[in-house]
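J.: Chain residues, written in single-letter form:
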Amino acid sequence: MNQESFNPFSMAQLQFDHVADILDLDKAVRDLLRNPMREYAFNIPVRMDDGSVNIFRGFRVQHNDARGPCKGGIRFHPLETMDTVRALSMWMTWKCAVVDIPLGGGKGGVIADPHNLSAREQEQLCRGWVRQLARNIGPISDIPAPDVMTSAQHMLWMLDEYEAIHGGKMPGFITGKPVGMGGSLGRTEATGFGVIYTVREALKQLSIRPEDTVASVQGFGNVAQYAIRLYTQIGGTVICVSCWNQNDQTSYSFRKKEGIDLDALLDITDRFGEIDKAKAKELGYEILPGEAWIEQEVDIPLPAALENQISAETVVNINPRVRAIVEAANGPTTPDADKVIAERNIFLIPDFLANAGGVTCSYFEQVQSNMNYYWEKDEVLGKLDVKMTSAFIAVSELAQKRNLHMRDAAYVIAVGRVAQACRDRGWV
Amino acid sequence: MTDQKKSIDRLLSSLQERAKELNCLYQVEEILGDPDARLEDICPRILKAIPPGWQYSDVCQAKISIYNKEFASPDFRESSWVQSADIVVQDESVGSVSVYYIKEMPPGDDGPFLKEESRLIKTVAERLSHFLLHQKMHRMVVGWESALHDVSDGDSQEWRVVLRMLRLTDRNLYIRISRKLLNYLCWSGINEAEKLIKTAIPDQQSDDQELLGQTNEPRRRNGGGQSADLSTATFKIAAEHLNSDEILSLIRKWIQEDKLSFLVQIVNRNLSLSDVADAIRRYYHLAVDDPDASSPNERGIQVSLIRRFLSDQLPYINVIKHYIEIKDFYYLLQNVIFSTESHGRLGGKSAGLYMAGQILKKKACDFKILADVKIPKTWHVTSDILLHFMHHNDFEEVVEQKYKEINQIRLEYPHIVETFKRARFPADIAQGLSVALDDFGDNPLIVRSSSLLEDRAGAAFSGKYKSLFLANQGSKRQRLEALMDAIAEVYASTFSPDPIEYRAERGLLDFGEEMGIMIQEVVGKRIGKYYLPAYAGVAFSNNEFRWSPRIKRDDGLIRMVPGLGTRAVDRLSDDYPVLLAPGQPGLRVNVDPDEMIRYSPKKIDVIDLDTNSFKTIDIREFIREVGYEIPAINNLVSVFRDGHISLPMGMNIDFDKDELLMTFEGLISKTPFIKQMHIILKTLEETLGYPVDIEFASDGNDFYLLQCRPQSYSGQSKPSPIPKDIDKDRILFSANRYISNGRVPDITHIVYIKSDSYAALSEHSDLLAVGRVVSRLNRLLPKRQFVLMGPGRWGSRGDIKLGVSVTYSDINNTACLIEIARQKGNYIPDLSFGTHFFQDLVEAGIRYLPLYPDDEGILFNMRFLTGSKNILSDVLPEFTYLSDTIHLIDIPKNTDGKVMRILMNADLDEAIGILTRPSSEVADVDEAVEAEVKPQDRFWRWRYQMVERIAHALDPAQFGVAGFYVFGSTKNASAGPGSDIDILIHFRGDADQKEKLTQWLTGWSLCLSEVNYLRTGYHTDGLLDIHFVNDEDIANKTSYAAKIGAITDPVRPLPMMKPTDTLK
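Chains U and L, in that order, give the protein sequences. The opening residue of the first sequence carries number 1 in the numbering used here; numbering runs sequentially from there. The opening residue of the second sequence carries number 10001 in the numbering used here; numbering runs sequentially from there.
Don't take each hint at face value.
Only part of the chain L face toward chain U is listed, based on derived beta-carbon distances under 10 Å [stated by the list, open to error]:
#	residue
1	GLN10584
2	ASN10590
3	VAL10591
4	GLY10643
5	SER10646
6	ASP10656
7	GLU10659
8	SER10669
9	ASN10736
10	SER10762
11	LEU10768
12	LYS10801
13	GLY10803
14	SER10805
15	THR10807
16	TYR10808
Under 8 Å between C-beta atoms, here's a sample of chain U residues computed to sit facing chain L [claimed, not checked]:
#	residue
17	ALA119
18	GLU121
19	MET149
20	VAL179
21	ARG271
22	ASN308
23	THR334
24	ASN370
25	TYR374
Hint data in this document are derived by calculation from the structure and do not stem from the laboratory. Since the structure is predicted, the reported quantities are computational estimates derived from the model, not experimental observations. Ideal placement from N, C-alpha and C gives every residue a C-beta, glycine not left out.
This is chain U alone, in the form it adopts within the complex (with noise of 0.2 Å):
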């Protein structure tokens, strides 16, 4: 394969030297760090529905539990690689230390697509996986969790044939599960009340009062939902949201200037988060073209779509007003226009620290199944809170500290703490 081509763990493997240098660490450090612990790869022989049998290809990589057990999703994908599962692998490793849980980073995958696969035979082959693993992974070493193309019915076939072979019930070995069935409450919210903890705590810090910001949030799924619930709890008022519209094909802004009603909205908002344009203009709302969201005269503009919204086109129509942008999706905002933002000094929630509350629930459903005890909904929340706070002061206080950009501090620390668990449990 072509050397420069793109390749996920390459550039997951080029970032981490980025924050070495800055952390400075030493190469022993760099090398544990560089490539995961463990990797396995295995095959999984599946009887199908008409009698052959196809042998697929599964992957698990460990790539660092020096704070804790692996953690991280199985993804079906039928052209699945090493590589990618190696990246993402790290990634979960930093992800899991930025909001401070003690949990290492995993992934796992098959090559497989399900759509060429019937119920019964991806129910074989989730039993295969675990049966080739089940030395290897559990609730006190690796816990794998639903990724791409798998989802809580896959994960519950893991648990039985988990559960199956080691003759005892432990429904803290995968998470993901439905309520009821080892799942936690609050995971519906948890990564969109997450952002807005992390809001709360950045405007105490740039010494905002809540009810003084208003925002404009692009997406109406269920993390912004959430995030708009929270924020207008604290005071703030979301003045502006876009969606997509599946009839048109194309997204549009929903503007009102004395600030949205969420209650109203849900009302006329299918279950993708589509809000019936008619129904919205009879309310009042103007409707604008999906970009507006991004223009509005606020303090804090909220990503929560999709990837590369913010880029060096549309960074330039930020209004002069917005004083804090936070990443609740994935990825937002490009390289480029990082720079522009950076250099205007507006405050940046990185999507890494920011959409956090999702992991840290997954965190919790694990504990929660460890003891077999789970809690209220507003404990779940009220613990989440605590995490997302304390996560939020250690970075923003780093980046001030150290002068670093939020994001950069973001790595920074979470590299750091793998580090340091390295060094104190001896091994470099």
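Given chain U's structure and the hints, the job is docking chain L onto it.
T.: Just chain L now, kept in the frame of chain U:
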């Protein structure tokens, strides 16, 4: 009192009379319903039923006399105000029915009686006649059988008893059988029999002589006594040479055949439907279960009946004759509405459904699961009732509509609909519909067209004519009016522009517009104020939309929806039906929860019984309202809770809070539905010999088949012929794996993403930029005139390197999405088959094609794709840096005006992308294949108009012409750019006239040729192809004369100049 009021009163009272008469007839019918009843019981009841049917019931009395027995109303006295009708059995009058008024009443049409009343009394007498005939016949058969039974054990000579019995009851039959037996013996080579024939019947020669009058001996033939002697002798010989079982079985067979003879006569003569129906009814009442049912005789009748009622298409007859018995026609005809003089058939849809039903019924012994397939209650209106209806309303001129220009037709169509809806139905048809309505009760109905054209191969008029839903609520009168209104509208749709255009394209314009009507009960249940089936849909034997390489074409395809099937039949723009492959039910289009939610049906079609209307409503709200009232809801929905989609268990659905998805998961995994569907499709396909397309519905308990027809390849999904002799330079690519059917014409732009350059992009942002370029081009390029070609899996989530990162909205204007799998090291990557937006592609009609350029024998024109001028930098200058990866090719600019056409053929599993002239220009000679499918109007229409003018300008007296006809492609509307015009001239003149006529026509011919050259560029030596026939040819039907009045493809006469014109 005003005049208007008077006339309304008159109308009302006349209607009341009709109702009374009808009522009387029903009662009589009911009384005669029991074929075993005794005359003594029946007659008094009929006498009671008669007076209320007459205008002055209170002074009305009746009398029936049968076989010298008399029955009369109580206190009967004769009077001079009487009307009567004879009761006739086997052409013999055996009695009469009379109606008397006991005092003088105001004069009507016939004395005090109305003309409808004369008809009524005749009908009553007729029904009594049939009844008596049945009884007589039945007695005979029963008598014979009991005699048979008496002697059946012990006596080996039982046939003698049978014969004795026959001789007593039916002497003619006895003689006929003895003759047949004698013939049989002769054929078997028994000498005595031959001798007997010679002695008893004069030989052929002497017979001739006798006829020629050269003998003065009287003929010794029809003397009953002597024939009886002959019979005795015959039986004697038979007894010596055949064993008694053999004789008995022969006699039985002949008796059985004889019973059918009346039916043979009826169906073979061109009698009206009502006569045939009567004969079948007679047969039904006579028919005794017979182990030897399919005698050749019976087969013949069967086929005649099939031809008569169902279809005259040979392939159809060949199949259905194995699945239908004469008795079945009895049941079928119970639900057929026709007028007394009707000669029509049921039409394609009805015939198709009926055949499918019969096949599944018969095959149920092989596959138990088929026994559960039901067909909803259906009534049929025969095809010629449309003409009857039009005639009744003087609409004849509407027939000419089809020869008008299409725009004119479009303009006039709304008026035709209005006129039709205002029209009245003939009384007999209205009556028939009223009976049908009584049978249906107040269940909602669907009125569908059942055109005679529909069962002609190659012309599946799917959805071309109307189907209308009726809530069928309200008073009987309201319901009847609504039904007639709907039928009128369906009738009017015969003259709507779309089917006319479609017919013109296929040369079917001159085919009569007869159209049957199918009135079907809508399968379903009332839930709240709505009426709907639990689920419904369509299914195809061939799967033309495979979403996984594991699905084979013959795994079939089901498109199903909750509620009425309308949403499954049509392609939807705002919703998605559930797609399944019955051969691979485990492989789903949508596998992860997001996909399952996004692509599950959101809306449902229902009939609103309160407003009598058809409605589309939101499924979620509906379910929330009615919950478990929906039958078998646990089999229809899955519950989405907390990221997990699962089947409901017991009664655990919380309709207020739970998010429910219409997945049909329970139906698929817990019931035999899929297996049943698979077997239905396979059985029908195997039996009929072609892939089928069925419609189905279920009320939650039972499975109903609603329609069955050949799987049509309408427009886009027709298998495209793949030309083999195309120059390699013109081929852009070829493919031979996972091909579906279709044809993507006139592609002007290609967006080609080079596999290796794409893989070599080292910046993540560049990879993303490729997706953005595609998205921009999608908006800039002409809609449906460009194709996207790129490596791997378009729209794949996860690793972007494996395919361009796009969503459906980034590609929604393309005509075809092409995924290219290039060999990588030693493996070829899997393609996505468009799974990420598969259902969007299906509903939008965007084609998908996988290419494997490294396969052996596959052409992939890299030189064109990478060597043509790349205009990306002109169109999107800011993305010039991606020019190595993205090639945007303007095909016409690079090929001197050519476009790309993709031809796909699933039967061959081959596809090809070729450079060709745009289809708006004259078709290439080597693509004559394609010329057939294009609208041809412009070629035949002006030819036809010109030939009409020629005929009109021709003076028959001057040239000695008796008839002027047009035939061939001009008449059949199939003329191409180079076609000539076939003319047939019936010539009666002399040689001089013929010479002049030829000269005159040659002039025309050359002129027309010139006109055609100017229009099309085709050069011919004269456009007219003239054929002469004379009187003798016509009498002998030789050469082209055979085409005059021919059954298939006859010539069409054109009016010539009238004598008056000559005078001017």
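J.: Please go over all the hints and tell whether each is borne out by the structure.
T.: Structure-based check of each hint:
Among the interface hints, the one on GLN10584(L) holds; its C-beta lies about 8 Å from the nearest C-beta in chain U, closer than the 10 Å criterion. The beta carbon of ASN10590(L) comes within 8 Å of a beta carbon in chain U, closer than 10 Å, and the hint placing it at the interface holds. Annotation: interface hint on VAL10591(L) holds; nearest CB of chain U at approximately 4 Å, less than 10 Å. Because the closest C-beta pair between GLY10643(L) and chain U is about 5 Å apart, less than 10 Å, the hint holds.
Residue-level restraint check for SER10646(L) holds (minimum Cβ-Cβ distance to chain U is 8 Å; threshold 10 Å). Hint on ASP10656(L) is violated. Least Cβ distance to chain U is approximately 15 Å, over the 10 Å limit. Here the hint on GLU10659(L) is kept, as its CB sits about 7 Å from the closest CB of chain U, short of 10 Å. Nearest Cβ of chain U to the Cβ of SER10669(L): about 8 Å, under the 10 Å cut. The hint holds.
A least Cβ separation of about 20 Å between ASN10736(L) and chain U goes past the 10 Å threshold, and the interface hint is therefore violated. Given the 10 Å rule on beta carbons, the hint for SER10762(L) holds: about 5 Å separates it from the nearest Cβ of chain U. Taken as an interface hint, LEU10768(L) checks out: its beta carbon lies about 6 Å from the nearest beta carbon of chain U, inside 10 Å. Interface restraint check: LYS10801(L) against chain U, minimum CB-CB distance 6 Å, threshold 10 Å, status holds.
At about 8 Å, the closest approach between the beta carbon of GLY10803(L) and any beta carbon in chain U falls short of 10 Å, and the interface hint on this residue holds. Annotation: SER10805(L) was flagged as interfacial toward chain U, and the flag holds, the nearest CB pair being 9 Å apart, inside 10 Å. Nearest Cβ of chain U to the Cβ of THR10807(L): about 9 Å, under the 10 Å cut. The hint holds. Here the hint on TYR10808(L) is kept, as its CB sits about 8 Å from the closest CB of chain U, short of 10 Å.
Here the hint on ALA119(U) is kept, as its CB sits about 6 Å from the closest CB of chain L, short of 8 Å. At its closest, the beta carbon of GLU121(U) sits 7 Å from a beta carbon of chain L; the interface hint therefore holds under the 8 Å criterion. Hint status for MET149(U): holds, given a least beta-carbon distance of 5 Å to chain L, under 8 Å. With a cut of 8 Å, the hint placing VAL179(U) at the interface with chain L holds, because the nearest CB-to-CB distance is about 5 Å.
Given hint, ARG271(U) at the interface with chain L, holds; its Cβ is 6 Å from that chain's nearest Cβ, closer than 8 Å. A distance limit of 8 Å between C-beta atoms decides the matter here; for ASN308(U) the minimum to chain L is near 6 Å, and the interface restraint holds. Interface hint status for THR334(U): upheld, as the beta-carbon distance to the closest one in chain L is roughly 6 Å, under 8 Å. A cut of 8 Å between beta carbons decides the hint on ASN370(U): the least distance to chain L is about 20 Å, and the hint is violated.
Checking TYR374(U) against chain L by beta carbon gives a least distance of about 13 Å; that is not within 8 Å, so the hint is violated.
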